[in-house]
Every structure is written in C-alpha cells, then in structure tokens.
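> Chains P and D, in that order, are what the protein sequence lines are. Here the numbering used here is used: the first residue of the first sequence is 1, the next is one more, and so on. Here the numbering used here is used: the first residue of the second sequence is 1, the next is one more, and so on.
Careful, some of the hints might be misleading.
[What the hints assert, rightly or not] Chain P is faced by these chain D residues, among others (derived, beta-carbon under 7 Å): (1) Ser12; (2) Gln21; (3) Ala28; (4) Trp32; (5) Tyr38; (6) Leu39; (7) Pro44; (8) Ala45; (9) His47; (10) Arg51; (11) His53; (12) Tyr56; (13) Pro58; (14) Glu90; (15) Gly99.
Since the hints were made in silico from the structure, they are not lab data. These numbers were taken from a predicted model, which means no experiment stands behind them. Each residue gets a CB set at the ideal place from its N, CA and C atoms; glycine is no exception.
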Amino acid sequence: MAVSWLSALAARGSVPVYPAVGPAMADQVRRLALEPDLELVSTPRLASVLLVAGVVPSSADVALRRVHAQLPRPCGTLWYRSRPFPELDHPQVVDAPELIPGALRELHRVVLHSPRDQEPMLLPDAPPAPFEGRGDHGQGGEGMMGGMPYGRPMAMTADDLRDGLALDAIDFTLGPFFRGLPPGLVLELRVQGDVVQQCTVQAPPYAEPVAAPFLQALERPVPIVALELARARHHLRRLADALDLAGLDALGRRLLRAAAGLVLGQRLRWLRPMLKGSGLLASVGAGRGVLSDTQASEIGGSAARAAGLSIDARMGDRGYAQLGFEPIVQPRGKEVAGDIRARWRQWLDEIDQSLRLAAHAADIDAHTAKIGVVEGPGGRLATDQPLPDTGPVLETLLPGCEWNQALAVIASLPLAAAATPGAEAGA
Amino acid sequence: MDLLILAVIALSALALGLLVQRPRPGAALPPWPARTTYLGGGEPATHAWNRFHVRYYPMTLLLIAFEMEMMFMYPWAVVYVAEGLKALVEMGMFLAILGVGILYAWREGALRWQ
Numbered sequence: 001m002a003v004s005w006l007s008a009l010a011a012r013g014s015v016p017v018y019p020a021v022g023p024a025m026a027d028q029v030r031r032l033a034l035e036p037d038l039e040l041v042s043t044p045r046l047a048s049v050l051l052v053a054g055v056v057p058s059s060a061d062v063a064l065r066r067v068h069a070q071l072p073r074p075c076g077t078l079w080y081r082s083r084p085f086p087e088l089d090h091p092q093v094v095d096a097p098e099l100i101p102g103a104l105r106e107l108h109r110v111v112l113h114s115p116r117d118q119e120p121m122l123l124p125d126a127p128p129a130p131f132e133g134r135g136d137h138g139q140g141g142e143g144m145m146g147g148m149p150y151g152r153p154m155a156m157t158a159d160d161l162r163d164g165l166a167l168d169a170i171d172f173t174l175g176p177f178f179r180g181l182p183p184g185l186v187l188e189l190r191v192q193g194d195v196v197q198q199c200t201v202q203a204p205p206y207a208e209p210v211a212a213p214f215l216q217a218l219e220r221p222v223p224i225v226a227l228e229l230a231r232a233r234h235h236l237r238r239l240a241d242a243l244d245l246a247g248l249d250a251l252g253r254r255l256l257r258a259a260a261g262l263v264l265g266q267r268l269r270w271l272r273p274m275l276k277g278s279g280l281l282a283s284v285g286a287g288r289g290v291l292s293d294t295q296a297s298e299i300g301g302s303a304a305r306a307a308g309l310s311i312d313a314r315m316g317d318r319g320y321a322q323l324g325f326e327p328i329v330q331p332r333g334k335e336v337a338g339d340i341r342a343r344w345r346q347w348l349d350e351i352d353q354s355l356r357l358a359a360h361a362a363d364i365d366a367h368t369a370k371i372g373v374v375e376g377p378g379g380r381l382a383t384d385q386p387l388p389d390t391g392p393v394l395e396t397l398l399p400g401c402e403w404n405q406a407l408a409v410i411a412s413l414p415l416a417a418a419a420t421p422g423a424e425a426g427a
Numbered sequence: 001m002d003l004l005i006l007a008v009i010a011l012s013a014l015a016l017g018l019l020v021q022r023p024r025p026g027a028a029l030p031p032w033p034a035r036t037t038y039l040g041g042g043e044p045a046t047h048a049w050n051r052f053h054v055r056y057y058p059m060t061l062l063l064i065a066f067e068m069e070m071m072f073m074y075p076w077a078v079v080y081v082a083e084g085l086k087a088l089v090e091m092g093m094f095l096a097i098l099g100v101g102i103l104y105a106w107r108e109g110a111l112r113w114q
C-alpha cells in the first residue's frame, strides 16, 4: 500500500532521464533539458528512464549494455531513431523528436506503476573475474595486496607527475556515454588522486551535424545574418555545456533557452556579468589546457583565435569586408593566452561580435561571397574537409590536470568532427 | 530523572535506527553489472580500493607547529604587565624566528595547494 502510494507520488514528479547519445544527436538531446518536467541526470544510478538517441555503432554496443545495466530497477528504455537490443520483447521506440518528452513521461509512469514488468538485465550476473573462496579470507588471492577482491586486481604504485609522493594509480576507460565527455569519446585514463597522469584516446567523438546555413554557405552565397546567428547559438550551447559540467545547470538552461530563442536585434548584455558571477572561469584556474601554436593552428577556429592566432576564413570574404569584419583575437598579454579561460572568453567575445555583425548585415542585406570554404562554428569548414585528429591534443593537454580541469579542457575544445553530408554517409 | 529520560530517548532512537536500517532477510544485492563503477560505458581496470597521498599534510604539520607556539604566549601574557618592555622584545625575537620558519616553509612549497 505504502509502496504504491509512494510510486504514485514519484510518478507525478519530474522524470529522471539518462541520455545515451549516439552520433549526430547531441543537439536534439540538449533540447530536452528545456522540457519542464524532464531532468537529464548525470549518472544512470539517478535515472528511471534510459533514452538511447541515435544508432549506436556496434563498437559501443557492450558499453551501452553496461549503462543499461546500471539503471536501478525498475527502469525503462526509450529508443529514439535507434536500434533496440534484440533481447528486448517490446522495446519502446519513437521516431519523431516532438514525441520524445511525452513518451519519456509515459514510460516513467508505466515503470513506476507496474514495477513487476522489469526490463531484463542483458549482461551476465557474474563478477568480472572469479575471486570468491580463494585466498585466506576469500579475498581472491594471497597477501595484503594480492588477489582480486570483487573480481578486479588491486591498484599498484606508480610514479606521479607532480613529485615523489607516488601511490596507487587507477586505470580505467571512460565513455562513450559519459555525460561529461562529448558523445562517442572514449578515453583510457590513469589517475592518481584526482590528477590525470596519462590519457589515450581510444575512440574520437561522434561527428556532429553543422547548422544548415554553414553547409549552404559552402555551395552558394547565403545571408550573413543566418550564419552569424547560427554561430552565436553554437557558442551559447557550448558555454551551456561548460556550465552544466560545473554543476551550474540552471544557468546552463538559461543559456540554452537564450540560444533557442535567439533572434536578430538581441544583444544578450546579461551574458558576460552572469558568467563572471557564476565563477565558471575562476573554477578552472589560469594556465590550464594551453594549446601550442602548432596545435592551435591545426584545430583552427575560435580555439586558434583564443591562442592569439589570427586565423579566420571570414577574412578573405568580400561580404564580411563590407561589414568591416576583423577577427577577434585574445591578447597575448598578462592573461595566459590559449588556455581554457581564453577559449571561453573567446566564445563570449564572438557571441557579441556575431550579434553585432548580424544586426549590421541585416541593415545592408549582406551575403557571403566566398564559396567552398566557410568559417564554421568550430573552425574552418571546407568541401574537402579532412577529419581532424584530436587524439594527440588531448593526450598532451590532459596529463597534469585535476579532474575538473581535464573535463573543462575537453568542454572548451571543438573535438567533434563536423558531419558534412559526405562524412555522415561514411559514419 | 532527567538523565533517565535522556537515556530512554537515546536508547529508543538507537533501537529505531537499527530497526529501520536492518537488512531485510529476502533482499539480494544488485546484480554484478549494476554494482560496478559508473564510467559511462567504460570499465575500471583495477579495484576501487586504493591508497592516495593526503597532499595537504605539510600544511597540517605547519598548522600544528604554529598552534603549539600559541601555548607559549599564554604564560607570557600573564607576566607581560610585570615584565614590561623586556617581555615584549623577547616575544618579538621568538616570533621573528618563527616567521623565518614560515618563510622557509613557503619557499619550500609547503603552502602550495596541490
């Protein structure tokens, strides 16, 4: 009786959803954060509904099963434009983005009202390695550090980057569905305490679609208004991700709302004081994640301009020249150029600049003149775009960072490849 | 009487607490895959039991050292009025030596948070 009363109460509350985001779905999932009674939680342990968005590549199938297994029972899974596990008898499938919120709420209600109809556990219920009954105390081996308690070997001492105080190093792989990383990114990490000692990129992030105006600009002149508003929206969303990561999800939602409702003529004057007051910039410290000049020019885009390099595909465009466009470059002065904060500041500056350019371009109806190359939201976008290899950058930037800084480095870089129509077909 | 009431309250709170958190006989542990660390689909290579350095300990030692110094100041404060300038100069010398100690620890990086 009491349990049914409690589940009825829980069913009326907000729906805790853990999104497992597949290729080209990050933006659609981000939109769900603005739904009033959905809550995108940061770990599956807090969720009652798993949302699988997009077709997950077969290499990530086991990872998805692990995430699925970590939802506390009773739970449900909603498959949005995805391939459900063949073992599920009646998978909940949805194909239209506008139906997702309703389907999630309904699934949550069903899960809480009939907890007996549980989704089966799809992984074998066994420890990762046999250990029970072995050793003097059944701990799985001999001696204090020997054996495999609970099926995993004990962490062993290794050198530390900082000083001689070396103790146990923990190795693990993270991703591809970890909420703090871009979808698809798999990192193999070694940490001591909370400091990253070593990082290897096992799989790059999934390619993300670029806003339509940028793709159109590759083929024909387009109004600069559309391009610049799309750029401002992109930067707002990336800043929202960074706020979300710092635990400031309410402020993140405010930015997402601003991005969704961005129209010509807005200036977003509240943005800079709000970010300054949020403590986001202060939280990561100065001088972390500094790109070298070679790395910055390889990545290009706003990350290069944040490192003090004047690289911008808009510079040679007659349409932009009409508007008196000059790229914004972070000064190489007393602030450390090219660090995490410089990249976030660069986004802020470029949001301002894009809104100004858009307003000016609307007055004189300016169009782009160059075709085949465009300054995309993450960097240079061309028809013959080679996929950037972001692995080496992370592998050099992350070691030495504390955990929050490491995640902030990742959140401040354009890591996901731009999915142009050609690239999407190959993915 | 008051003590008795307090004891009854404490004991009944304890009993209630134990009763509430007593493991239910039929309840099983969650299955193995559900018990592992959350890594977004990744896997830990090692067990979660691990030793790491409490890196603030030089700072802790420094704090204790300077707190002990305060103990010398209590008797000093008692005789200060009687002894006058001489006591002030002596305490000044003592604090100056300690101050050099702080500067040394600072130079050695003991105050750097890591």
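> All hints are to be evaluated individually against the structure, with a verdict given for each.
Hint check results:
For D:Ser12, the interface hint is violated, the least distance from its beta-carbon to any beta-carbon of chain P being 22 Å, above 7 Å. For D:Gln21, the shortest C-beta to C-beta distance to chain P is roughly 17 Å, which exceeds 7 Å, and the interface hint is violated. Evaluation of the D:Ala28 hint against chain P yields a violated restraint, the C-beta minimum of about 10 Å exceeding 7 Å. A least Cβ separation of about 5 Å between D:Trp32 and chain P falls short of the 7 Å threshold, and the interface hint therefore holds.
The beta carbon of D:Tyr38 comes within 5 Å of a beta carbon in chain P, closer than 7 Å, and the hint placing it at the interface holds. Look at D:Leu39: its Cβ gets to within about 5 Å of chain P, closer than 7 Å, so that hint holds up. Interface hint status for D:Pro44: upheld, as the beta-carbon distance to the closest one in chain P is roughly 4 Å, under 7 Å. Taking 7 Å as the C-beta contact cut-off toward chain P, the hint placing D:Ala45 at the interface holds, the least distance being around 4 Å.
Interface restraint check for D:His47: the shortest CB-CB distance to chain P comes to about 4 Å, inside 7 Å, so the restraint holds. Below 7 Å, beta-carbon pairs count as interface contacts, and D:Arg51 has one with chain P at about 5 Å; its hint therefore holds. A hinted interface residue such as D:His53 counts as satisfied when its beta carbon comes closer than 7 Å to some beta carbon of chain P; here the least separation is about 4 Å, so the hint holds. Interface hint at D:Tyr56: violated, since its Cβ lies 11 Å from the closest Cβ of chain P, which is beyond the 7 Å cut-off.
Hint status for D:Pro58 relative to chain P: violated, with the closest Cβ pair at about 10 Å, above 7 Å. Against a cut-off of 7 Å between C-beta atoms, the interface hint on D:Glu90 is violated, since the closest Cβ of chain P lies about 39 Å away. Hint status for D:Gly99 relative to chain P: violated, with the closest Cβ pair at about 26 Å, above 7 Å.
Checked against the numbered hints given earlier, this structure breaks hints 1, 2, 3, 12, 13, 14, 15; the rest are met.
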